[in-house]
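J.: Using the hints provided, position chain B relative to the given structure of chain A.
Take a look at the letters that make up each chain.
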Amino acid sequence: MKRLSLFLASAAALIAAPLAAQTTAITGGKVVIGDGSAPIEGGTVLIRGDRVVAAGANVAIPADAQRIDATGKWVTPGIFAGFSRIGLIEVGAVSQTNDTEADKSVFSAALDIQYAVNPFASPISVNRAAGVTRAVVSPDSGSSIFGGYGAVIDLGQDENPITEARAFQFVELGEAGHRRAGGSRAAAHILFRALLEEARTYARNPAVFDSDLLKASDAKALLPVINGSTKLLVHVESANDILKVLDLRKDFPALDLVLVGANEGWRVAEHIAAAGVPVLASALSDLPYGFEDLSATQSNIGRMKDAGVRVAIGMINDRDAHQLRYSVQYAGNLVALTKVPRATGLTWDEAFAAISSVPAEIMDMGGQLGSLKAGRKADVVIWTGDPLELSTQVEKVMIDGVDQSLSNRQMRLRDRYSNPTPGTLPKAYDH
Amino acid sequence: MKIRALLALAAGGSLLAGCTASGAEPSSASAAPPPSSARGGPAFPSTYRAYPSAPTAITGVTIFDGEGGKIDNGTLFMVDGKISSVGGPETAIPGDATVVDGSGKYVTPGIIDVHSHLGDYPTPSVDAHSDGNEATSPVTPEVWAEHSVWPQDPGFSRAMANGGITALQILPGSANLFGGRSVVLKNVPARTVQAMKFPGAPYGMKMACGENPKRVYGSRNRAPSTRMGSLAVERQTWIDAQEYRSKRNDAKPPKRDLGKETLAAVLDGDILVHNHCYRADEMAQIIDMSKEFGYKVTAFHHAVESYKIADILAKEGICSAVWADWWGFKMEAYDAIPENAALLQKAGACVIVHSDDENQIQRLNQEAAKALADGRAMGIDISDAQAIQWITYNPAKAMGIEQMTGSLKPGKMADLVLWNGNPLSVYSRPDKVWIDGALMFDSADAQRRPVSDFELGQPGEGDVK
Chain A
788 MKRLSLFLAS
798 AAALIAAPLA
808 AQTTAITGGK
818 VVIGDGSAPI
828 EGGTVLIRGD
838 RVVAAGANVA
848 IPADAQRIDA
858 TGKWVTPGIF
868 AGFSRIGLIE
878 VGAVSQTNDT
888 EADKSVFSAA
898 LDIQYAVNPF
908 ASPISVNRAA
918 GVTRAVVSPD
928 SGSSIFGGYG
938 AVIDLGQDEN
948 PITEARAFQF
958 VELGEAGHRR
968 AGGSRAAAHI
978 LFRALLEEAR
988 TYARNPAVFD
998 SDLLKASDAK
1008 ALLPVINGST
1018 KLLVHVESAN
1028 DILKVLDLRK
1038 DFPALDLVLV
1048 GANEGWRVAE
1058 HIAAAGVPVL
1068 ASALSDLPYG
1078 FEDLSATQSN
1088 IGRMKDAGVR
1098 VAIGMINDRD
1108 AHQLRYSVQY
1118 AGNLVALTKV
1128 PRATGLTWDE
1138 AFAAISSVPA
1148 EIMDMGGQLG
1158 SLKAGRKADV
1168 VIWTGDPLEL
1178 STQVEKVMID
1188 GVDQSLSNRQ
1198 MRLRDRYSNP
1208 TPGTLPKAYD
1218 H
Chain B
117 MKIRALLALA
127 AGGSLLAGCT
137 ASGAEPSSAS
147 AAPPPSSARG
157 GPAFPSTYRA
167 YPSAPTAITG
177 VTIFDGEGGK
187 IDNGTLFMVD
197 GKISSVGGPE
207 TAIPGDATVV
217 DGSGKYVTPG
227 IIDVHSHLGD
237 YPTPSVDAHS
247 DGNEATSPVT
257 PEVWAEHSVW
267 PQDPGFSRAM
277 ANGGITALQI
287 LPGSANLFGG
297 RSVVLKNVPA
307 RTVQAMKFPG
317 APYGMKMACG
327 ENPKRVYGSR
337 NRAPSTRMGS
347 LAVERQTWID
357 AQEYRSKRND
367 AKPPKRDLGK
377 ETLAAVLDGD
387 ILVHNHCYRA
397 DEMAQIIDMS
407 KEFGYKVTAF
417 HHAVESYKIA
427 DILAKEGICS
437 AVWADWWGFK
447 MEAYDAIPEN
457 AALLQKAGAC
467 VIVHSDDENQ
477 IQRLNQEAAK
487 ALADGRAMGI
497 DISDAQAIQW
507 ITYNPAKAMG
517 IEQMTGSLKP
527 GKMADLVLWN
537 GNPLSVYSRP
547 DKVWIDGALM
557 FDSADAQRRP
567 VSDFELGQPG
577 EGDVK
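Chains A and B supply the protein sequences, listed in that same order. Residue numbering for the first sequence follows this note's numbering, starting at 788 and increasing by one per position. Residue numbering for the second sequence follows this note's numbering, starting at 117 and increasing by one per position.
If you are wondering where the hints come from, they were derived from the structure by calculation, not from laboratory data. Misleading hints may appear alongside valid ones.
Sample of chain B residues lacking proximity to chain A, with all beta carbon distances greater than 12 Å (derived) [as the list claims (entries may be wrong)]:
| hint | residue |
| --- | --- |
| 1 | 165 |
| 2 | 183 |
| 3 | 578 |
Output of the computed footprint for chain B on chain A, the stretches with three or more beta carbons under 8 Å from beta carbons of chain B [to be verified]:
| hint | region |
| --- | --- |
| 4 | 1068-1075 |
| 5 | 1105-1114 |
| 6 | 1180-1187 |
What follows is a set of in silico ranges between Cβ atoms, one per label pair, in the way DEER data are often shown [what the hints assert, rightly or not]:
| hint | chain 1 | residue 1 | chain 2 | residue 2 | range |
| --- | --- | --- | --- | --- | --- |
| 7 | B | 574 | A | 1040 | 56 to 66 Å |
| 8 | B | 215 | A | 1030 | 18 to 28 Å |
| 9 | A | 1214 | B | 157 | 50 to 60 Å |
| 10 | A | 970 | B | 334 | 27 to 37 Å |
| 11 | B | 371 | A | 1027 | 50 to 60 Å |
| 12 | B | 572 | A | 1030 | 19 to 29 Å |
| 13 | A | 1210 | B | 496 | 31 to 41 Å |
| 14 | A | 1093 | B | 201 | 22 to 32 Å |
| 15 | A | 1212 | B | 373 | 42 to 52 Å |
| 16 | A | 859 | B | 215 | 33 to 43 Å |
| 17 | B | 348 | A | 1212 | 26 to 36 Å |
Note that the Cβ used here is the ideal one computed from N, Cα and C, for glycine as well.
Bound conformation, chain A alone (with noise of 0.2 Å):
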């Protein structure tokens, strides 16, 4: 059976593959480049291929192009999702499709989600159509601080998820570092000094290795952390803790920090934008879940972003393996800031922008994802309003420029009981 649906699934998927540089206009939209820049009425999306040949006001639409008439709706790049567990979690309280931890492994950091993340997992397909198109994927940490390698995936729905693998290392030194590490931040600090320390004997000479602390994996997997070619995300929430994770460049000058959650981030942006540490940050935050977060505010973007920090939305344990299609809620909920006296919120450009070219650029992918501008691969969403508004649902989905299936089970169930009263038959047979 497992065999079968694969093989339907491939069979779509080549049944969707693009032609050859096949030419598609979507014109007469409200065009959003997802940069930062204003939207434009009236704009030309010219995609060829898998890429974007052209966005904006003024684009020459050649004779072949295939067109698709926007008028009225609005054209967007697809939304980024700056931090998430997607394709890792079927459901979520049934261990056996839940692949965010390996609290028994006795690997950590050489774990690498892309072997885990499942392209035919329902979340993926509810979440594309609400027009999410690539996330940002990581392992939890479980038996150690490290979890492993995390990665950048399309929602596609052909079999091959990963964008980027091995796109970063995650850890925990906030307060699950310190649970994790036995019980105190020095316990999480100096396991991770130590663990980094290792990683560099093992490196003089890989033959000898043998240690206590580290498998000869986890420490190879390590090596990279350190000398900066692969991005460490970090999650810490607390304003001591962040400084704390700023300060380590002291001893590991090349780390390629990323904070993520900082919930407390506002506090210390000064020290944050003064490191150049970019954030991806929980939106809507504003309690004192643990003691890391008292003055956790929806503020916190804002603030963060106008002390210069570069900041994208992240849902870290959030509903992080289902609700990706929160990413334009939380956006929106950010714009509705602005009018509230003595909150910080974002304009609606920048809003959109920390869902689709902010992260994009944090992964160092601004240059392929994030947005609609020439040579990005054409991940694009045409819904019937503002993205950001709650009645605005998605019309169309295109990823890497294939037009993507809205379908999901959700449709299907919602189909099936739209009127609930079983027919002639049972419900079972109404498919």
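T.: Okay, now just chain B, sitting in the frame of chain A:
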């Protein structure tokens, strides 16, 4: 954000009886509920008093009345803590009234959450604060949620300032088949929970079916470990409660039994049953059990599969308290669909949008808006005003307080929210919140925003949040 409370089995059901605070200012309580103690007056009576209010008119405003009505360019006048008049621009305003210009703004009844764990699973979510599940026995009708509520939970203020919440039901969690009594609160800061208790609100009782009780107790090798075990324990409990109830008025009544008092009050119809239940087939089982023992389920909570039996729920007159779009976090939430609320509305069933969450209680208006949009997208015709009813009048009705609050009708408590735009838009937030006519939140006034004891002297004290 963290979702510990949910994983900790949040579920609903509670009960509130006879807390007629003698001499309480808001005296609009309808029928005096029966005393909740077997002898004498009510136990743990409400000490809530309405805070000072000024005669206030809001003019030029769009009004959603909470019962499906909408008035453009409307006027609302409140005095002495009560709604006095609601109408068009011709509505008379006394000369001494404070006038609030509502142009471009919207008024709704205060938002009401039928399912919250603020106070019994407060933030910070540390172990010492885990007071929502008395998970030592699957049958604990004797516990009262109000005895777990910490009034200093910062979540109450967020629910008011960002969500316009003016009343809410705090439930025990869903670890147990019979979780205990709920408590209905006015969302006002207070030193004691008694000073938050909604005067005259009936009690509810929380029940739970499905995965949680069988997981919690099955893992300890005790009943219930299966769904059939759950029903067996529940039915036997009702049989015992029936016996207790029948002997209550004997010459030699049985010794007071806290749990059975609550259960008997359910059978008397004085306590409302709030039943956490996800799956359609299980709801049908619970309905049959309620008929076997002669009580009524007021609302199924987390009813993600209600859309499969919307016709049955409409016929039985049972409300469904639902999320807009939560799904997939456990097996019994696997078949959730975003059109659930709209399909229920289409079938003529009672719809409530609830939170069970300290974050989403801050935007129930947005959750209702999403559920509305998904319904419209499949061609179901629902008005904006009807969607507002999902978070105002309908939860009030399920909590037994609809005669006092939940809609903007003359004589009802002046519990209302002035929004800075359409509350069904993502771009709108509460501008002002009144509870019993008292201005309890004003976005323009940093002082008119509650700061709990816990937050005082901490980083971020008094911030906009």
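J.: Work down the list of hints and note, for each, if the structure agrees.
T.: Quick rundown of the hints versus the structure:
Under the 12 Å C-beta cut-off, the non-interface status given to residue 165 of chain B relative to chain A holds; the minimum distance is some 28 Å. For residue 183 of chain B, the condition that its CB be more than 12 Å from all CB atoms of chain A holds, with the nearest at approximately 22 Å. At the 12 Å boundary, the C-beta of residue 578 of chain B falls inside the reach of chain A, the nearest C-beta of that chain being 10 Å off. For the region 1068-1075 of chain A, the proposed coverage by chain B is satisfied: 6 residues have a C-beta within less than 8 Å of a C-beta in that chain, meeting the threshold of three.
As drawn, the region 1105-1114 of chain A meets chain B at 6 residues by the rule of a beta-carbon pair under 8 Å; at three or more, the given contact holds. As drawn, the region 1180-1187 of chain A meets chain B at 1 residues by the rule of a beta-carbon pair under 8 Å; below three, the given contact is violated. The beta-carbon spacing between residue 574 of chain B and residue 1040 of chain A, approximately 35 Å, falls outside the hinted interval of 56 to 66 Å. Restraint check, residue 215 of chain B to residue 1030 of chain A: a C-beta distance of roughly 50 Å breaks the suggested window 18 to 28 Å.
The supplied range of 50 to 60 Å is met by residue 1214 of chain A and residue 157 of chain B, whose beta-carbon atoms lie about 52 Å from each other. As the Cβ distance of residue 970 of chain A to residue 334 of chain B is approximately 31 Å, the hint placing it in 27 to 37 Å holds. Checking the proposed 50 to 60 Å range against residue 371 of chain B and residue 1027 of chain A shows it holds: the Cβ atoms sit about 56 Å from each other. At roughly 25 Å, the beta-carbon separation of residue 572 of chain B and residue 1030 of chain A lies within the given 19 to 29 Å, and the hint holds.
The beta-carbon spacing between residue 1210 of chain A and residue 496 of chain B, approximately 20 Å, falls outside the hinted interval of 31 to 41 Å. Under the hint 22 to 32 Å, the C-beta atoms of residue 1093 of chain A and residue 201 of chain B, about 45 Å apart, miss the expected range. At roughly 50 Å, the beta carbons of residue 1212 of chain A and residue 373 of chain B sit within the given window of 42 to 52 Å. About 40 Å separates the C-beta atoms of residue 859 of chain A and residue 215 of chain B, a value consistent with the hinted range of 33 to 43 Å.
Judged by the Cβ atoms, the range 26 to 36 Å given for residue 348 of chain B and residue 1212 of chain A holds: they are separated by roughly 33 Å.
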